[in-house]
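Enquirer: Spelled out, the chains give:
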Amino acid sequence: MKSKRESTADKLTNFLFTIPAVVLYSIFFIYAVIVGVNYSFTDWNGIAKTYNYIGFENYKSLFENQYFWNTLWVTVKYALLLVVGVMITSLILALCLNSIKHLKTLTKSIFFIPAMIGGVTISLIFDQIYYRLVPVIGEMLGISALSQSPLASAKTALIAVVFVNVWQAVAMPTMIFMAGLQTVPGDLYESAMLDGATTFQRFRYITLPYLMPTFTINMVLTIKAGITSFDYAYALTAGGPSRSTTVIGISIYNDAFNNMKFSLANAEAVILFIIIALLSLIQIKISSKGGVN
Amino acid sequence: MKKEGLGWRIARDIIILLGLILILAPLYIVIINTFKDLEQASKGFFLFPEQWKFDNYVELFTKNNFWTYAKNSTIISVVAIILVAVINPAISYAIARNFHKKYYKAVYFYIILGLFVPFQVIMLPLTKIMTNMNLLNITGLIILYVALSLTKGVFMFVNYIQSLPLEIEEAARIDGCNTFQVFTKIIWHLIGPMLATLVVMDVLWFWNDFMLPLLLLNKTQDYWTLPLFQYNFKTEYSFNYTMAFTAYFTCMFPVLVVYAIGQKHIIAGLTAGAVKS
Amino acid sequence: MKRRIFATVLSSLMIAMAFAGCGKDAGSDNSKPAAGSNNSGKIELEFFQQQGEEAIQAGYEAIIADFQKENPDIVIKQNTVPDSLKVLASRIATDDIPPLLTDWPTQMQFKEKVKNGYYEKLTGQEFFSQVNEDYLAMTPADDGEYYAMPYARNYMAVFYNMDMFEENGIEIPTTWDEFIAVCDTFKEKGITPLNFPLKDGVGHIFQATTVAFVPDGVEELVEVQEGKTTLSENAEYKADFSGYADKMMKLMEYGNEDAFGMSTTMMQESFANGNCAMIISGSYGRGNILLANPDMRFGAFALPGDTVDSTTCLTGVNAALCVSAQASEEEKEAAFTFLNYISQTEVAQKWSDESGEPSIIAGTEYADENFAPILNFIDEKGQVHDWMASTLQNNVVNELYNTVQSFLLDKPSTDQFLKNMDDTIAASVQ
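Residue numbers (my numbering), protein chains in the order written: chain L, 1 to 293; chain X, 1 to 277; chain D, 1 to 430.
To be clear, the hints were calculated from the coordinates, so they are not data collected in a lab.
Keep in mind that this is a model prediction, so the values were computed, not measured.
Once the Cα atoms are required to be at most 27 Å apart in a straight line, the calculated DSSO-like pairs of lysine-lysine come out as: (1) L:K49 / D:K332; (2) D:K77 / X:K71; (3) D:K86 / X:K71; (4) L:K11 / X:K102.
Make a model of the complete structure from these sequences and hints.
Expert: Right, here's the structure in full:
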């Protein structure tokens with residue numbers, strides 16, 4: 001492109017390519033965000049026909065509320081568990097799947113099945129499994145921790161919820177990692193092999209750098225999924241027991257639709273937005289170093 | 001890539017085997033229980049049914065407008081994904097190749113911004129906008145999906161297109177192709193893997209989404225999609241879980257069939273090494 | 001080149017038109033669900049019905065069909081969605097209210113909607129003469145006017161397995177001590193006396209037990225909500241809720257080990273399968289239990305307080321029908337016609353039989369005589385109390401659920417429990 005000067009028509013084509021997207025996005029996304037943020041500065045309860053602007057009152061009352069801090073802490077734990085669970089599992093699975101020779105296609109397709117199933121559906125299924133199957137397994141293996149549904153205890157409920165989320169969410173990153181593995185030039189491996197590099201060394205010095213771009217995509221998507229998660233905890237525990245799984249998504253939902261605190265819910269959502277933005281920026285900064293372009 | 005350590009191979013096979021069990025066991029439980037009545041299921045949740053019963057399926061298909069919901073879900077998913085697959089690469093290509101220009105850079109960041117916005121912020125404003133525009137119907141939902149697909153799509157494609165080698169494009173331009181032709185004839189093929197990824201991700205989102213259909217399509221059951229119908233079982237048949245499993249499984253079934261037929265394509269699309277420099 | 005561009009624009013337009021067509025197709029037979037009348041003089045009314053239970057939907061469906069025969073010009077379309085509270089909240093927030101709907105008139109959220117003019121005033125309508133006065137008296141809004149026609153009631157009670165009671169020669173207990181004695185008898189015989197659904201059902205257990213064990217408990221909590229006192233400070237309230245805590249701990253001894261993993265539906269299933277002798281359940285549980293075990297013989301009695309006289313039963317209006325103030329005059333007329341129709345004794349009786357819900361329309365009788373004891377108790381003794389949400393804020397109630405769940409799970413000291421209750425109310429009150 002540098003070599004040839006662009007024609008006007010080409011410029012116009014490029015410009016036209018962006019128009020439908022920008023228009024749709026502006027109306028149905030940006031405008032909605034502005035309206036939503038606007039509500040966070042009001043005292044609207046979702047029912048009243050009028051509302052007043054109250055500045056940062058909603059934010060202030062959130063930061064003074066112990067339950068909100070608890071909610072944030074649960075959300076952070078949830079996201080950490082999810083990111084660790086999904087990233088490690090999907091990376092390992094991608095490496096494993098990529099290297100098998102027999103029944104590769106079939107195995108891959110089975111591993112992708114969870115991605116086909118919606119979060120609510122799989123939660124409802126696991127709810128039954130936790131209640132009916134886990135105690136039986138616990139009894140068989142003689143593990144007292146598994147004598148009842150893991151959702152029943154404040155100590156294990158969060159892990160049990162994240163487990164279901166990981167079960168469902170791991171498939172897509174695995175496939176993306178596998179796509180990323182295809183970008184690693186095969187001849188690099190061969191020369192490394194000739195130099196006597198171990199499996200781990202090959203992974204560390206060849207595979208990993210090439211996986212960096214896909215790593216970023218997976219990481220950003222998983223962090224966001226973890227912090228905004230709602231479906232799983234809602235369908236499995238509705239936030240309990242003892243608020244141990246009340247992630248911010250559930251808190252927003254309850255405040256908006258059950259507690260007549262709509263503007264407060266929007267303030268929570270805005271805080272969530274800020275957290276995600278900060279985390280993602282840090283993440284992108286970090287992973288943009290050390291990748292292969 | 002010939003020899004690999006024995007330890008690694010054993011570990012790998014064990015991991016894969018464990019993974020297979022973890023994935024297949026819940027599905028097995030769901031499927032076998034759809035063929036039981038409650039009484040049988042309570043005897044053995046994960047045993048093979050003593051007697052195969054099809055009552056759940058009969059009830060599901062005769063008592064509900066299952067086919068209407070399936071039709072709605074299909075229309076929404078298919079139409080939305082076609083639009084998504086056209087609009088996302090187009091804008092991403094324009095941005096990726098003009099990133100040095102202010103407008104395109106601005107558009108990029110403008111759209112990427114959405115990546116950070118949790119759905120909860122826009123949930124209610126969006127419903128309000130749709131109500132005012134008289135778009136509380138299937139068309140409205142499709143438009144929304146296309147709009148909401150953009151952040152992820154642009155984020156994925158722009159990086160990807162930037163990583164594609166310029167040589168082929170330049171060769172094509174020397175042969176006299178204009179931007180539009182370069183896009184349709186060359187880029188379109190090169191972005192295959194990413195496009196497949198996006199299409200699969202988004203189709204599954206559209207198909208399984210519960211929240212947006214709930215907020216937009218609640219005027220009459222004639223608009224319902226399968227997830228609404230399925231979730232309704234939570235209240236309507238909360239108790240009868242073999243019946244609920246039947247509903248869950250039936251809603252998954254079309255996706256699984258499409259996947260079984262097209263899985264070669266889907267996974268090949270996701271993993272094929274189309275990027276060669 | 002220019003032709004190319006033109007082609008692009010044209011084809012995207014065509015795609016846009018193509019999908020616009022699809023949308024119309026999918027809803028063609030029903031393109032104006034809320035808008036009402038069309039040319040043929042027929043009027044169509046969306047009836048947003050909030051109870052998802054299959055039997056209740058079928059009950060309405062049956063009386064709507066009969067209504068149609070008498071009023072061919074009014075088409076009522078029952079619309080029941082999952083998560084209906086959320087959907088209604090979003091429809092209200094976006095000014096898109098169904099013309100005819102069910103809601104819970106004793107709750108504060110309802111009164112808030114009335115205050116903002118969403119519901120049509122119904123005071124003076126003919127159909128009110130058919131409604132049980134005790135329940136009607138629970139429903140006026142803050143301005144003393146009526147905005148909803150109560151149609152059914154609910155209650156929390158002890159459901160008991162009649163066969164188990166008869167086989168072991170056990171009488172229905174009427175005081176707390178008798179109740180505990182019954183539990184002990186079952187325990188001795190190796191039968192689990194009670195099952196608790198503390199995974200998702202702790203809220204209704206809390207409401208039922210508070211009303212039963214502390215007859216003025218809700219009023220005391222309201223005073224705490226208003227900031228007048230706290231449970232820890234006020235000696236009388238402290239004694240009341242300490243007693244409550246003791247009773248709850250005692251009850252837990254008779255419960256199932258997996259109570260915190262058990263959901264309400266799982267509890268119903270367990271009861272239906274004979275795994276326990278009793279459960280504390282809402283009237284809404286009856287249908288599910290019968291689904292699980294159609295042959296089961298079970299009845300209900302009021303959860304006993306210290307004495308027969310102090311025993312109080314939690315009961316309230318279970319969904320009432322309202323009309324949107326924003327509906328057109330025609331729609332309102334049609335809605336009134338429908339309300340008048342369904343308030344007739346025979347119609348309400350048919351609805352009650354079909355849905356299994358206890359009606360509060362004059363002259364109706366509940367078909368299941370095993371439930372006569374509890375209904376008679378409510379009607380004759382008059383010791384009843386409404387649900388908490390009619391005087392406590394929704395978020396206070398919801399947060400209290402969590403606190404009570406923590407109390408039952410972690411078993412802190414009674415003083416700590418009272419302090420937690422105080423803190424919860426202070427933190428969530430608006």
